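**Q** For the protein sequence lines, the chains are U and W, in the order given.
Residues 176 to 541 in this note's numbering are what the first sequence lists, from first letter to last.
Residues 20 to 494 in this note's numbering are what the second sequence lists, from first letter to last.
No lab work stands behind these hints: they were computed from the structure.
Misleading hints may appear alongside valid ones.
[What the hints assert, rightly or not] One side of the interface only, derived from the structure: several residues of chain W facing chain U at Cβ under 8 Å:
id, residue
1, 325
2, 434
3, 438
4, 444
5, 448
6, 472
7, 476
Quantities reported herein were computed from a predicted structural model and do not represent experimental measurements.
Glycine residues also receive a C-beta, built at the ideal position from the N, C-alpha and C atoms.
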Amino acid sequence: MQFTIRKEAILDELQMLQGIVEKRNTMPILANVLIQASEGTVELTGTDLEVGLRTHAEAQVEEPGAVTISGKKIFEIVKSLPDGEAVTFKEDRDLMMRVTAGESEFKVVCLPKDDYPQVPDPKFESKISFPVSALQDMIDRVFFAIAQEQRYYLNGALMVIKPKSLELVSTDGHRLSYCQRPSPEIQPAKELRVIIAKKTLNELRKFGEGNVEFDMDENNLFFRIGARTLISRVIESKFPNFEAVIPKDNPNHAVLPRAAFTDAIRRVSLLSAERSRGIKFTLEKNRIRLFSSNPEMGEARDKLDIEYKGAGIEVGFNSQYILEFLTTIGGEKIRLELKDENSAALLKPEDEEGLKSLYVLMPMKI
Amino acid sequence: MNARSGAAVSRLPRAAPAPAFGPARFDGTPAAARAAAERAVRPAPFLRLPPPADEAHPPLRPLPAAFFASRRFIVHVDIDAFFASVEVLLNPALRGQPVVVGGLPHERGVASTCSYEARRYGVHSGMALRTAFKLCPQAVFVRGNYRLYQSFSERFFRILRQATPDVEETSIDEAYLDLTRCCHLYPSFSRTARDLQARIEGATGLKVSVGVGPTKVLAKLATGRAKPAGYFEIPPGGEEEFLRGLPIDSLPGIGPKTQVLLRMLAVRTIGDLWGLPRGSLHSIFGLGGDDIYLHSRGVDIRPIVTATVPKSVSRETTFLEDLWEERLLLAHLAYLCDRLTLALRQNRCYAHVIEVKARTSDFRTEVRRRLLLTPCREMGDVFRIAEELFLPLLRGTRLALRLVGVKASDLVRGKTLPLFERVSDKGERLGAALDEVRDKYGFGSVLTVREKMLDEIYPSDPDRGFILKTASLTR
Numbered sequence: 176m177q178f179t180i181r182k183e184a185i186l187d188e189l190q191m192l193q194g195i196v197e198k199r200n201t202m203p204i205l206a207n208v209l210i211q212a213s214e215g216t217v218e219l220t221g222t223d224l225e226v227g228l229r230t231h232a233e234a235q236v237e238e239p240g241a242v243t244i245s246g247k248k249i250f251e252i253v254k255s256l257p258d259g260e261a262v263t264f265k266e267d268r269d270l271m272m273r274v275t276a277g278e279s280e281f282k283v284v285c286l287p288k289d290d291y292p293q294v295p296d297p298k299f300e301s302k303i304s305f306p307v308s309a310l311q312d313m314i315d316r317v318f319f320a321i322a323q324e325q326r327y328y329l330n331g332a333l334m335v336i337k338p339k340s341l342e343l344v345s346t347d348g349h350r351l352s353y354c355q356r357p358s359p360e361i362q363p364a365k366e367l368r369v370i371i372a373k374k375t376l377n378e379l380r381k382f383g384e385g386n387v388e389f390d391m392d393e394n395n396l397f398f399r400i401g402a403r404t405l406i407s408r409v410i411e412s413k414f415p416n417f418e419a420v421i422p423k424d425n426p427n428h429a430v431l432p433r434a435a436f437t438d439a440i441r442r443v444s445l446l447s448a449e450r451s452r453g454i455k456f457t458l459e460k461n462r463i464r465l466f467s468s469n470p471e472m473g474e475a476r477d478k479l480d481i482e483y484k485g486a487g488i489e490v491g492f493n494s495q496y497i498l499e500f501l502t503t504i505g506g507e508k509i510r511l512e513l514k515d516e517n518s519a520a521l522l523k524p525e526d527e528e529g530l531k532s533l534y535v536l537m538p539m540k541i
Numbered sequence: 020m021n022a023r024s025g026a027a028v029s030r031l032p033r034a035a036p037a038p039a040f041g042p043a044r045f046d047g048t049p050a051a052a053r054a055a056a057e058r059a060v061r062p063a064p065f066l067r068l069p070p071p072a073d074e075a076h077p078p079l080r081p082l083p084a085a086f087f088a089s090r091r092f093i094v095h096v097d098i099d100a101f102f103a104s105v106e107v108l109l110n111p112a113l114r115g116q117p118v119v120v121g122g123l124p125h126e127r128g129v130a131s132t133c134s135y136e137a138r139r140y141g142v143h144s145g146m147a148l149r150t151a152f153k154l155c156p157q158a159v160f161v162r163g164n165y166r167l168y169q170s171f172s173e174r175f176f177r178i179l180r181q182a183t184p185d186v187e188e189t190s191i192d193e194a195y196l197d198l199t200r201c202c203h204l205y206p207s208f209s210r211t212a213r214d215l216q217a218r219i220e221g222a223t224g225l226k227v228s229v230g231v232g233p234t235k236v237l238a239k240l241a242t243g244r245a246k247p248a249g250y251f252e253i254p255p256g257g258e259e260e261f262l263r264g265l266p267i268d269s270l271p272g273i274g275p276k277t278q279v280l281l282r283m284l285a286v287r288t289i290g291d292l293w294g295l296p297r298g299s300l301h302s303i304f305g306l307g308g309d310d311i312y313l314h315s316r317g318v319d320i321r322p323i324v325t326a327t328v329p330k331s332v333s334r335e336t337t338f339l340e341d342l343w344e345e346r347l348l349l350a351h352l353a354y355l356c357d358r359l360t361l362a363l364r365q366n367r368c369y370a371h372v373i374e375v376k377a378r379t380s381d382f383r384t385e386v387r388r389r390l391l392l393t394p395c396r397e398m399g400d401v402f403r404i405a406e407e408l409f410l411p412l413l414r415g416t417r418l419a420l421r422l423v424g425v426k427a428s429d430l431v432r433g434k435t436l437p438l439f440e441r442v443s444d445k446g447e448r449l450g451a452a453l454d455e456v457r458d459k460y461g462f463g464s465v466l467t468v469r470e471k472m473l474d475e476i477y478p479s480d481p482d483r484g485f486i487l488k489t490a491s492l493t494r
């Protein structure tokens, strides 16, 4: 195998693969990337068996072939070379790769390509596509509500593809973040519901401009953006029935200024209990009061003028849970809909256009 | 200062107007005291002796009265010769005799408590048992029953908590109370403190000493004056007079070594300490010197620490004889869960991890644990999980068991309710109701049928529940 490629052309691809290749070293070969050179292009593949990335770059190929090499090392080598340099990769003897650029030369140990796991090659027949940026905005709005601790809960977000609509939902069992984008360009044959792994979502955030094509088979989800294809194993668990827990008729509605509310919560949460981060909220006519206390440190209070005509309610919430939502959405005002101190609260931006966001949060016993 | 303590001030007798004050640089608020403490941590170049008190150099005064204007009402309560008193209480034949708790005279170990009669012979806690025997051979030596003392202690703290939630447990028999926040409830703090003393003596039969002052250190020193079985309240404005004549070793933090050094500086009383500049104390004793400087003036900015979240809570017991019968093992488990959840509620925390432990007759210990998405603290939840963990463990072993235990860890102060499960506060309400009944009629007054099976094995006491073989009270 031998090919020559400009540094920048391959560096970007190697960079993308850094997030994919296995770092925990359970199977040494998973720390490698598969390099396959064929007529005019080089294909680079990385996988940790859950998420895989296939990417192409144009190159001048002298001799086709394939080999695997440490993803981290080859990235560091290419990155260290002078900008604009042409880099030649040559499989030297058996399982040694010679990398040359200008006067620099490296010889790197490789592993045979046959040991590398099969990464499926999708056909993309479903014809579902939407802008990457739109998907990334949606990911931002649900990412924080995916369970932090994998041991407790499913580790991904649900994507629902309906005619003219794209939805993303995440939950950790205490809260739920829902985001919907009207997408006239989407015309699926039938409604699709898939759970996308957290790692895949994180990789999708890194992709550049363009449209993402989506397809799936029994075991995998495929996302193609330009020359890059992300392959993600289907998560077998069942996503909870989220529609059922979104409150429909909470009677007490408050409208709050988002920035001021966020700041007040930040202040009061300074003295909330170390791990549970609980704050008490008291709603009364056109006012909300915030209170936190921590026996080891002290207590904090704040209050805010709001629009509220509902019943007097005292309810506790994890302040970090609210802050995470308030800081990802836009808009000047937010709407808070409550029933009582034991039932789910609904939060949503009051005046935001485009994306539709909902946040369902269970109260906290403090 | 919030509004409530402001009200407290108005009810207290006003302190005398602030006299002109010498070198202390704080204006009396805790924040200022802290700031002053920070400023003053400058080592002196060399040690200076206190200036003689004469006309030109009036003796230094301990504190500006303004410091006490925002005064708190701190009560320090200490059970007199706790373990020994319990022994006397349960065995009246010991009354009036020297009693040493900790072990028998020939045993290794130290005396953990001794009665006032024994102290007269020079015996004190921490003394080797053999030495104690030499000093006082006629004393009655008792090994002691920690479990028993614990139950007395629980009663003691329960009474204190009825007066105010601001109770700091400093040890099994000693507590600080801050009555300031409860000023609306009490016409007179002094009466309340005295009532408390009488209530404890009435309910437990134990004598307690009570000291009252505006800071923790002053309250504790007042208790020293009150002992045994007395009451002493430092009158507002009388702090200086109270402190002046006290020997330095009565001040917390001054041990034998510090004392020797201070005696070399001709310091015998707290009043003598006032003459030492803070810098000198700091250069000799480091940060401890700053504490001595402040405490000797009655200044103590330490807050009352009402509750710290423990790392974990566990309850376990060894059986009288090894058990294999599932029914009885589950009864033990249920009883331990009941005890455990009581402790969780008292600490106002929820557990993310429940762990069950079993030791087989060949002394192998097995542990099973479960992580919970939603933390819990009610008997029903904890027992259900414990049972689910325990049964496979029991069925996997062919041996009888000698010990079971439950442990709750990864404790948090609050819990967010689950989104996808039906929320019911039944368990919580039941727990609260149980606590209330048991507060009044004792832990053994309400037990589940499953727990009642232990009647076959253990004697029970309405107050304390079953009397298991070993203390089920590890923290």
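**Q** Now, for every hint given, state plainly whether the structure supports it.
**A** Status of each hint after checking the structure:
no. : hint : in the structure
1   : 325  : holds, 5 Å
2   : 434  : holds, 5 Å
3   : 438  : holds, 5 Å
4   : 444  : holds, 6 Å
5   : 448  : violated, 12 Å
6   : 472  : violated, 32 Å
7   : 476  : violated, 36 Å
Of the numbered hints given earlier, the model fails hints 5, 6, 7; all others are met.
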